[in-house]
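**Student:** Single-letter residue listing:
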Amino acid sequence: MVPKGGGERIERVLHSFGSDRADGLTPFGGVIVDASGNLFGTTYFGGSNGYGTVYELIPQTGGGWTEKILHNFNNTGTEGEYPAAGLVFDTVGNLYGTTVLSGSDGVGTVFELKPGPEGAWVEKILLYFAAADTSGGAIPYGSLMFDAGSLYGTASGGGLYNVGTVFELTPEGNGTWNESVLYAFNDDGNDAYTPLAGLVRDSSGNLYGTTYTGGSASGLGTVFELTPANGVWTETVLHSFEGNGDGGNPGYGALILDSSGNLYGTAQGGGAYFAGTVFEIKH
Amino acid sequence: MRPKKLSLGLTAILATLTLANLVTPTRTAAQQVATLHSFNPNGEDGTYPDSSGTTRTGGCLRRRSRRRVGAQRRRGADRESAA
Numbered sequence: 214m215v216p217k218g219g220g221e222r223i224e225r226v227l228h229s230f231g232s233d234r235a236d237g238l239t240p241f242g243g244v245i246v247d248a249s250g251n252l253f254g255t256t257y258f259g260g261s262n263g264y265g266t267v268y269e270l271i272p273q274t275g276g277g278w279t280e281k282i283l284h285n286f287n288n289t290g291t292e293g294e295y296p297a298a299g300l301v302f303d304t305v306g307n308l309y310g311t312t313v314l315s316g317s318d319g320v321g322t323v324f325e326l327k328p329g330p331e332g333a334w335v336e337k338i339l340l341y342f343a344a345a346d347t348s349g350g351a352i353p354y355g356s357l358m359f360d361a362g363s364l365y366g367t368a369s370g371g372g373l374y375n376v377g378t379v380f381e382l383t384p385e386g387n388g389t390w391n392e393s394v395l396y397a398f399n400d401d402g403n404d405a406y407t408p409l410a411g412l413v414r415d416s417s418g419n420l421y422g423t424t425y426t427g428g429s430a431s432g433l434g435t436v437f438e439l440t441p442a443n444g445v446w447t448e449t450v451l452h453s454f455e456g457n458g459d460g461g462n463p464g465y466g467a468l469i470l471d472s473s474g475n476l477y478g479t480a481q482g483g484g485a486y487f488a489g490t491v492f493e494i495k496h
Numbered sequence: 031m032r033p034k035k036l037s038l039g040l041t042a043i044l045a046t047l048t049l050a051n052l053v054t055p056t057r058t059a060a061q062q063v064a065t066l067h068s069f070n071p072n073g074e075d076g077t078y079p080d081s082s083g084t085t086r087t088g089g090c091l092r093r094r095s096r097r098r099v100g101a102q103r104r105r106g107a108d109r110e111s112a113a
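Chains A and B, in that order, are what the protein sequence lines are.
This note's numbering numbers the first residue of the first sequence as 214 and each following residue consecutively.
This note's numbering numbers the first residue of the second sequence as 31 and each following residue consecutively.
Worth flagging that the hints you see were computed from the coordinates, not collected in a lab.
For clarity, every value in this text was computed on a predicted model and none was experimentally measured.
Each hint should be verified, as a subset may be incorrect.
[To be verified] Ranges of calculated distance between the beta carbons of each label pair, as one might list FRET restraints:
{"no.": "1", "chain 1": "A", "residue 1": "431", "chain 2": "B", "residue 2": "62", "range": "16 to 24 Å"}
{"no.": "2", "chain 1": "B", "residue 1": "64", "chain 2": "A", "residue 2": "246", "range": "24 to 32 Å"}
{"no.": "3", "chain 1": "B", "residue 1": "62", "chain 2": "A", "residue 2": "363", "range": "26 to 34 Å"}
Glycine included, every Cβ here is placed at the ideal spot set by N, Cα and C.
Start from the sequences and build out the full structure, keeping to the hints where you can.
**Tutor:** Shown next as structure tokens:
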């Protein structure tokens, strides 16, 4: 959106997906920008194999943008399929993201893309979510968060109660990454469950996120906090959506944390017109 | 011993403070929520937001929502709410 003056903005299309059979299709996640102004994102479908892409949009001198496909996902069994979330950079320019499906057990991956020689990007799967692993997560929809060398994310399914987890991936130093489940959601009628969005972290190290369902009110989702203490993470449901004025079923967008500790987010449903809300959780 | 009578003014002040204590809500999680905007499917507003937002200098929130146009649903109603 480009400023038009008078507080208005006009839309400028930078790229239309599907220009040829190799292009990505249907971008669900947002874009991130590097220091040079290049945009990076994912498409859920499309690419040379049809299972989604990671793309870069490069601004051209004199106007216009050029798309470069950095990675085509595939259904080889060891690859990820269908990236729903956007990407995150680490401090040295590597990209990280998730795929909803496939991997060795078919329930999603966490991947890394490193800049390689001659403009190529090299993919490495950091984590295969495993359906048989009752403690791990499965089917991640939310964006990852990179903080202090670790990746944090949510999985919409899997975990001890099979209704989702919050996980951390920590580099082991030998090229492998170790997954720790920080919290397993529980559909016991009170707890939050089915997180679809990513996380935000405050300066004290607490994590905040939303779940699409669960909570003590109407089961229409929650805003939750995870607080670390002595290596144990404790969950607090900050708000259970009721589906009326407050909204309901917060979806794929991560919360925003302002400098005062207030949280902002969107809910897909509920509100005065049952068409969703923008809400604030006051600190 | 006969207790001292409170003055009418002091009684009024105490009553006000007591009432204030009764009606002041306890700060609970549920009461910390404020709805900044309810999307309206009136053809002008966006509906069913499902993506991340961002902020800009000035404290305004920008969110992407879907806008239903006729039988089509398309993205792109960019709404701004003053914080």
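**Student:** All hints are to be evaluated individually against the structure, with a verdict given for each.
**Tutor:** So, going through the hints one by one against the coordinates:
no.	hint	verdict
1	431(A) to 62(B): 16 to 24 Å	holds, 18 Å
2	64(B) to 246(A): 24 to 32 Å	holds, 30 Å
3	62(B) to 363(A): 26 to 34 Å	holds, 29 Å
Every hint, counting from the list given before, is met by this structure.
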